[in-house]
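Peer 1: Chains L and P, in that order, give the protein sequences. The opening position of the first sequence corresponds to residue 1 in the numbering used here, with each subsequent residue numbered one higher. The opening position of the second sequence corresponds to residue 1001 in the numbering used here, with each subsequent residue numbered one higher.
Not one of these hints is a red herring.
Calculated cross-link-like contacts (lysine-lysine; reagent style DSSO-like; alpha-carbon spacing at most 27 Å):
1. L/Lys30 / P/Lys1144
2. P/Lys1179 / L/Lys43
3. P/Lys1028 / L/Lys40
4. L/Lys30 / P/Lys1072
5. L/Lys15 / L/Lys97
6. L/Lys52 / P/Lys1020
7. P/Lys1028 / L/Lys43
Worth flagging that the hints you see were computed from the coordinates, not collected in a lab.
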Amino acid sequence: MRGLSKLDRMLTEAKFRAAIVEMLCRAETKLPEDVVSALKRSKIREKNPIAKLQFDCMLKNLELAQKLGAPICQDTGTFTFFIRLGSELELSFDLKKSIDKAVAQAMREVPLRANIVDPFTRENTGTNVGIGQPSVHLELVPGKKLSVDLLVKGAGAENWSRFFMLKPADGEKAIERAVLLTLVEAGGQPCPPTIVGVGVGGSAEITPTLAKRALLRPLTSPNPNRRLAKLERKIMQAANGLDIGPMGLGGRTTVLGVHVEKAACHIASLPVAIALQCWAARRGRARLINGRLKVEVPR
Amino acid sequence: MTNSPVTNLSPPLSELDVKKLRVGELVKINGQIVTARDKAYARVLELLRAGKHLPLDLHGAVIYHCGPIARKTPRSWKILSAGPTTSARLDRMQAEFVRRTGVRALIGKGGIGEEVAAELARLGRVYLAFTGGAAVLAAQAIEKVERVLWLDLGAAEASWVLKVREFGPLVVAIDTKGKNLYLHQKH
Chain L
1 MRGLSKLDRM LTEAKFRAAI VEMLCRAETK LPEDVVSALK RSKIREKNPI
51 AKLQFDCMLK NLELAQKLGA PICQDTGTFT FFIRLGSELE LSFDLKKSID
101 KAVAQAMREV PLRANIVDPF TRENTGTNVG IGQPSVHLEL VPGKKLSVDL
151 LVKGAGAENW SRFFMLKPAD GEKAIERAVL LTLVEAGGQP CPPTIVGVGV
201 GGSAEITPTL AKRALLRPLT SPNPNRRLAK LERKIMQAAN GLDIGPMGLG
251 GRTTVLGVHV EKAACHIASL PVAIALQCWA ARRGRARLIN GRLKVEVPR
Chain P
1001 MTNSPVTNLS PPLSELDVKK LRVGELVKIN GQIVTARDKA YARVLELLRA
1051 GKHLPLDLHG AVIYHCGPIA RKTPRSWKIL SAGPTTSARL DRMQAEFVRR
1101 TGVRALIGKG GIGEEVAAEL ARLGRVYLAF TGGAAVLAAQ AIEKVERVLW
1151 LDLGAAEASW VLKVREFGPL VVAIDTKGKN LYLHQKH
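The task is simple: from the sequences and hints, build the whole structure.
Peer 2: The following block contains the structure:
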């Protein structure tokens, strides 16, 4: 730290925005390593030639996207940012405004498709910014840390998000049923193999966010809680027995992973939310290191 | 990519061209395909219901459910990313659309509703599945943008008339016999 002036160590708006633009560019053109290796492993497990072909196309597409710096999918999605902000960190700018600007800049640089419209008039804002978009969740944490997680979601998968108010007496079996029901109903539409985010508990405004937050976890990290990790494995096994397969054309791989997250809930409730992420599971992560916001995912 | 035989098709397609296709077979398209999604479908139906002509003859055409990312070049457009969109969103308009236009084949992802699929089969149309999200792979097969219709709908919703070479591999997912690859999973 010595030798750096206070100004050098300060995160300016320009530096913050540049890191967000870089994260958006990388996330749209490259998948995190855990997702790529899960796709490769799944391809080997498939016996069905059509299923294998789907994986071939996915992997070939990833190579091309990276090589050409082009968006993996033409549906460049909507953006949800999960920010953890140290309460002792001094920032001299408006985080939300800076993120809006970064999205507008990425729109030209990646480029992104204009995906954001008014829900009633269906008029396109043309900038990927609108009321409540991009979505920013801010969590205050102790100290001077700052991390930004980004979830990129296309509509194919987003349109199959589900929310269930189950009965507490129904228990874990009902949670599993809710997920399987959602996957069967969705079939090939959310671009399987999907990653399934399951939020359990909380209340009607918390649970869907938990389900989305679950999608940030790498496929290599089961829930640290053993009971939840067991439920994740159980649901994954059942889901991969559905024969929905890649793109719904049949096969052994319907999901790449199941991530369950929980929050405490009311004695009379068992809320369950499901968020599906398509196989092109785009996400990003950046962390403040020595005054610099460094993009760590995707590499 | 696989060793399965591939049928090469060049639109406009005849009824016989598509009746020969069976589910599970692979297809590649050479020649013209036309993109259309929600708003272009609505525009086409609005024009045809009013007894007007389309700016493009779609008899025997291949429609691609897609809203691409395009970049303007000095003379034309370059398509950067152009994977398929969810076909089932168009279910409500699908049967009338193919009947009125004479379109022979649809390319999309995720399949279409069971009843609409059966209706398409009766009408002698096929549904070809392209891997969702494989947008750069698709763009690589696009040689040229021939025309773009209805840009007033926005670049993603407009109809792009594309010249393609070996566009695919596409999987015949619903054939004219009514066989449907998406139905095996319903149980």
